[in-house]
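K.L.:
Residues per chain, in single letters:
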Amino acid sequence: AQSVTQLDSHVSVSEGTPVLLRCNYSSSYSPSLFWYVQHPNKGLQLLLKYTSAATLVKGINGFEAEFKKSETSFHLTKPSAHMSDAAEYFCVVSDRPDDMRFGAGTRLTVKP
Amino acid sequence: DTGVSQNPRHKITKRGQNVTFRCDPISEHNRLYWYRQTLGQGPEFLTYFQNEAQLEKSRLLSDRFSAERPKGSFSTLEIQRTEQGDSAMYLCASRLDRTNSPLHFGNGTRLTVT
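So the protein sequences, as listed, match chains A and B. Under the numbering used here, the first residue of the first sequence is numbered 778, with each subsequent residue one higher. Under the numbering used here, the first residue of the second sequence is numbered 142, with each subsequent residue one higher.
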């Protein structure tokens, strides 16, 4: 069975410093992996997806994630945080098209 | 692309009342999903449709919950005899019927049962 664990429920960074949001997954197959962002009272927006092509995936707003099969990880990074990045971030694993499992989320706070 | 639209945005109801939410997916998307999200948690799958056919329902979807997509376009989610535990954000998403096609979410309907 597939599952996803987001290792930090809350991450706080200063504006202009790097962001690292950690995600580990478990899957019996070669999964698809996604990161979504949710701003307050909004729906979820796709940041990026990994689908067994390049292991380093670039997304919107300067975010990227690296798929590491040996570590079963798919961590999300950004070189320099912006105030507008403050939101909830969800890692998602899917090993069949209609079974997408969401992590519990990581709340990112960006301090001025 | 007008995105996924959900109505209403907020609904406050008294325990025991019935409520119905509507979702209008992106027009060319034939797959439509309902999720429930409670505070501090990620979305939990409830059910999904391929066109008008409801193909899967989660065990979370008790018999008080029913979803329809009568013409393969918009969908409704009805909750009968609401309970306080039903208070949550109900999210709708749609996607193309294609491998690795991502979900596109609406802004959700926040239900509060008093």
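Check before you lean on any hint, since a few could be wrong.
No farther apart than 27 angstroms at their CA atoms in a straight line, the calculated lysine-lysine pairs in the DSSO-like style are these [to be verified]:
1) B:LYS212 <-> B:LYS155
2) A:LYS826 <-> B:LYS212
3) A:LYS819 <-> A:LYS835
4) A:LYS846 <-> A:LYS835
5) A:LYS819 <-> A:LYS888
6) B:LYS155 <-> B:LYS198
7) B:LYS212 <-> B:LYS152
8) B:LYS155 <-> A:LYS819
9) A:LYS888 <-> B:LYS198
10) A:LYS826 <-> B:LYS198
11) A:LYS845 <-> A:LYS819
12) A:LYS826 <-> A:LYS846
Distance windows between CB atoms, simulated [as the list claims (entries may be wrong)]:
13) B:ARG251 <-> A:ASN838: 24 to 30 angstroms
14) B:THR240 <-> A:GLU843: 21 to 27 angstroms
15) B:LEU180 <-> A:THR794: 23 to 29 angstroms
Keep in mind that the hints were calculated from the coordinates and are not lab data. Glycine included, each C-beta is placed from N, C-alpha and C at the ideal position.
K.L.:
Failing hints, ascending?
P.N.:
Structure breaks hints 1, 2, 9 and 11.
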